[in-house]
Amino acid sequence: MSLFTKEMPCQELVELVTAYFDGSLSRRDRRRFRAHISGCDACTAYVEQMRLMIEATGRLTEQDIPAEAREELLAAFRGWQEGRAG
Amino acid sequence: MTEDHELVQRLREGDEAAFAELIDRYGATMLRVAQMYVRDRATAEEVVQETWLAVLNGIDRFEERSSLKTWLFRILTNRAKTRGERDGRMVPFSSLAGANPDADEPSVDPDRFFGPDSPHPGAWAAPPVGWPQDKLLERETLGVIEMAIDELPEAQREVILLRDVDGWEPMEVSYVLGITDGNQRVLLHRARSKVRAALEEYLNPEVGA
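Line order of the protein sequences matches chains A and B.
Quick note: the first sequence, position 16, residue 16 per the working numbering, numbers continuous.
Quick note: the second sequence, position 127, residue 1127 per the working numbering, numbers continuous.
Any given hint could be a false lead.
Simulated coverage check for chain B against chain A, where a stretch passes if three residues somewhere in it have a Cβ under 8 Å from a Cβ of chain A [as the list claims (entries may be wrong)]:
1. 1017-1024
2. 1067-1081
3. 1119-1127
4. 1171-1177
Hints were generated in silico from the structure; no laboratory data involved.
Quick reminder that beta carbons are idealized off the backbone N, C-alpha and C, glycines included.
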């Protein structure tokens, strides 16, 4: 696939994408990672897919807390407040 | 969004609106996290309520050396764990001590790479292709992501929700869940790899299948 395939095979690279994004690869592995994607279209596409997927996942939203549970918590808050004042 | 620090001040003054804002911000996530450790929904709700009371009773002594969020969730997981153990529930993170990034859960189906006897072992045989960016934001695509996340094993699901949906930092996740930084990354990576695979199956059914 590229000159660098021997250095870091594609199959190894796909295991390191999250560590790469988090900045937790060793300097040596980060160098190997970058050298590999600079010469490999398939892995560039793979890393881009991961980026797009993470970005899209960030658009999902948490569900709201159920109204009843919310009311109970607010009631507990008032109880705490009264206990504190009294 | 109001800063945690300001909300802490307002809570100390007994401001209910500040409390409501915190519930809306963290309540649903707290319920979900609690539910991983305890037997049922009702117990999780009890643990969440106990946690808030502990937070309110401790708010005057809270020195803000950690963020309100991590303090709150750390109290929550500690309580939920204690409660779950009492009820004999297995904690999804308890078997993680030896989680090994290479252990028999490859990120991509090994059949998509050339084997050891080929001239390019480990290179793509069925390479991924580019994704149209606008397609990624379609309602239906987001539905595929949501479904893939729902199907993940519990610990992986929790970590991807905290990291990628709620936008938590790696350190916040490992601290709150009581796992190592390495373990949270392995769980996140496995989760992301599976979600990516599900998306690929949806967007490029011709690849790899």
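Checklist entry - Of the hints given before, which are not true for this structure? => result The structure breaks hints 2, 4; every other hint is satisfied.
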